[in-house]
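Residues per chain are reported as follows:
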Amino acid sequence: MVSIAAANFARFGKREEDIFAISSESALPIVDKYRDAIDFVVVSNSYSGEFNDISGLNNLLTTHLAMDSVPSMRVDNTSGSGGSAVLVAKSLVASGEAENVLVIGAEKMTGYPTKRSTRIIASLLPPEERLGGPSLPSLAAFMTRSYIREFSPSRESIAKVAVKNHHNGALNPYAHFQSEVSLEKVMTSKVIADPLRIFEYCPVSDGAVSLLVTSEENSRSFGSKSARITGAGASSGTSSITARESLVSIDSVRESARKAFRASGKSPGDMDIAELHDMASILEIVESEDVGFFKKGEGWKALETGETSIDGRFPINTSGGLNSKGHPIGASGVAQTAEIYLQLTGQAGKRQVKNAATGFSVSMAGFGNNSTSFVYEVD
Amino acid sequence: MELNRCAKCSEEFVFKRAVCPKCGSQEFTKALVTGAVALDSVHLIATPEPFPDDYSVVLFEAQGGARGFCRTTFEVKRGDRLKIKDDENGPVCEPE
Ligand SMILES: [Zn+2]
Numbered sequence: 001m002v003s004i005a006a007a008n009f010a011r012f013g014k015r016e017e018d019i020f021a022i023s024s025e026s027a028l029p030i031v032d033k034y035r036d037a038i039d040f041v042v043v044s045n046s047y048s049g050e051f052n053d054i055s056g057l058n059n060l061l062t063t064h065l066a067m068d069s070v071p072s073m074r075v076d077n078t079s080g081s082g083g084s085a086v087l088v089a090k091s092l093v094a095s096g097e098a099e100n101v102l103v104i105g106a107e108k109m110t111g112y113p114t115k116r117s118t119r120i121i122a123s124l125l126p127p128e129e130r131l132g133g134p135s136l137p138s139l140a141a142f143m144t145r146s147y148i149r150e151f152s153p154s155r156e157s158i159a160k161v162a163v164k165n166h167h168n169g170a171l172n173p174y175a176h177f178q179s180e181v182s183l184e185k186v187m188t189s190k191v192i193a194d195p196l197r198i199f200e201y202c203p204v205s206d207g208a209v210s211l212l213v214t215s216e217e218n219s220r221s222f223g224s225k226s227a228r229i230t231g232a233g234a235s236s237g238t239s240s241i242t243a244r245e246s247l248v249s250i251d252s253v254r255e256s257a258r259k260a261f262r263a264s265g266k267s268p269g270d271m272d273i274a275e276l277h278d279m280a281s282i283l284e285i286v287e288s289e290d291v292g293f294f295k296k297g298e299g300w301k302a303l304e305t306g307e308t309s310i311d312g313r314f315p316i317n318t319s320g321g322l323n324s325k326g327h328p329i330g331a332s333g334v335a336q337t338a339e340i341y342l343q344l345t346g347q348a349g350k351r352q353v354k355n356a357a358t359g360f361s362v363s364m365a366g367f368g369n370n371s372t373s374f375v376y377e378v379d
Numbered sequence: 380m381e382l383n384r385c386a387k388c389s390e391e392f393v394f395k396r397a398v399c400p401k402c403g404s405q406e407f408t409k410a411l412v413t414g415a416v417a418l419d420s421v422h423l424i425a426t427p428e429p430f431p432d433d434y435s436v437v438l439f440e441a442q443g444g445a446r447g448f449c450r451t452t453f454e455v456k457r458g459d460r461l462k463i464k465d466d467e468n469g470p471v472c473e474p475e
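Chains as they are written, first to last, in my numbering: chain L, 1 to 379; chain R, 380 to 475.
Think of the hints as simulated: they come from the structure by calculation, not from any bench. Quick reminder that beta carbons are idealized off the backbone N, C-alpha and C, glycines included. A hint or two may mislead.
To be verified - Subject to a maximum C-alpha distance of 27 Å in a straight line, what follows is the list of computed DSS-like cross-link-like pairs (lysine-lysine): (1) LYS190(L) / LYS456(R); (2) LYS301(L) / LYS33(L); (3) LYS115(L) / LYS464(R); (4) LYS33(L) / LYS225(L); (5) LYS301(L) / LYS354(L).
Said to hold, decoys possible - Far from chain R, by Cβ distances over 12 Å, these chain L residues were calculated: (6) SER154; (7) THR242; (8) LYS295; (9) PHE314.
Start from the sequences, fold in the hints, and give me the full structure.
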């Protein structure tokens with residue numbers, strides 16, 4: 001069984017350092033301990049070309065870490081790069097191609113005008129659709145409007161995703177935002193794409209996070225605290241957003257979760273915690289339904305009852321989610337796995353969920369163009 | 380604004396493809412958008428380059444079923460029939 005044996009963050013946020021410094025800040029505590037054992041490096045990064053004028057980041061990073069002879073690759077799958085990188089690392093270990101894989105998720109994307117970074121992110125849309133002027137945030141607004149028409153949630157319940165996740169982020173020393181936000185403040189903040197407001201979107205962040213992915217046996221022999229990946233599932237949906245039958249459900253999220261649960265032999269109801277891809281508030285709700293935690297059209301009710309709060313029955317996005325922790329694109333999916341690992345091994349500090357033994361994450365590319373889900377367990 | 384129409388089954392798409400996902404044909408012709416109706420509209424403040432700073436993105440469905448996006452500075456409501464033309468950045472629309 002493939003396990004996570006270590007995780008380490010470099011603080012997410014607006015960072016002065018370059019992508020090498022941020023990446024090594026996250027990787028060095030792991031490299032220092034396991035240098036001789038690491039036989040593959042997988043770098044999750046999507047936009048080093050566009051934001052940093054760098055190609056071949058994986059080769060440059062291994063050299064930066066004096067791991068010049070360790071084979072490496074860069075995995076780019078837009079916002080879902082992290083989930084794909086963890087899947088690649090898991091497959092390398094499971095196949096015997098590598099024994100101990102260092103996964104580094106990193107992105108350095110601040111410092112550009114919003115209009116430029118919005119353009120860079122929108123480049124993942126089909127060219128002909130892009131000509132009509134949508135941004136990724138505007139797609140979340142279309143989703144919100146469809147969801148409201150179809151299921152009549154309270155508008156506040158959607159905004160409460162931001163309130164909840166900022167609360168969690170304030171407990172996470174690695175989160176971009178370190179402060180709580182009131183419902184009133186969310187609901188009166190600037191509209192970015194009608195009806196969604198600025199606190200309901202993830203910020204533009206720099207950041208990095210590293211993992212050691214290895215076998216259960218190696219993890220035991222290292223004496224590391226470890227969490228097993230007991231199920232994984234990758235799935236794809238059409239990249240043509242306008243061709244989708246429904247905007248209130250994401251096929252790739254649903255299908256990747258179904259595969260991961262089937263592989264693990266567990267069901268959504270068995271999970272203690274989850275990390276979902278909340279690039280916008282509505283996405284946490286829609287995904288919480290698609291992966292099977294709630295019935296379609298009812299996920300918003302959990303925000304009203306507090307069920308998904310950190311002290312609730314089933315905490316979602318204890319890390320603060322993308323919403324508050326930030327969304328350095330290549331780092332985000334790796335960060336989800338890192339958060340579940342820290343929680344399941346009792347290393348989550350002030351945001352620790354007591355007795356969490358099972359967890360789930362879904363890393364989503366584009367606006368659901370594809371997704372990778374994982375189920376994690378500890379004994 | 381032009382659509383891509385499958386030469387075999389006449390399915391129409393905004394997204395240009397090498398293979399028709401309905402019938403597998405690899406031959407396409409171009410067709411003009413006609414009879415477009417707004418399905419929804421989102422007023423967008425933070426817009427991407429190279430577009431202007433403030434507009435709404437309209438999700439429309441054309442007569443043959445193809446869906447796409449166009450920009451507008453008009454108030455467009457769900458169900459409005461649209462006139463679509465192209466400016467230097469892409470398709471723009473207004474209510475008919
Ligand atoms: Zn066809």
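How the hints compare with the structure:
1. LYS190(L) / LYS456(R): Answer holds: LYS190(L) to LYS456(R) is near 22 Å, not above 27 Å.
2. LYS301(L) / LYS33(L): 45 Å, violated
3. LYS115(L) / LYS464(R): With Cα atoms ~24 Å apart, LYS115(L) and LYS464(R) stay inside 27 Å; holds.
4. LYS33(L) / LYS225(L): 13 Å, holds
5. LYS301(L) / LYS354(L): 24 Å, holds
6. SER154: Given a closest Cβ separation of 20 Å, the condition holds.
7. THR242: 4 Å, violated
8. LYS295: The assertion about LYS295(L) holds, with a minimum of 24 Å to chain R.
9. PHE314: 31 Å, holds
In this structure, the hints that do not hold are numbers 2, 7, in rising order.
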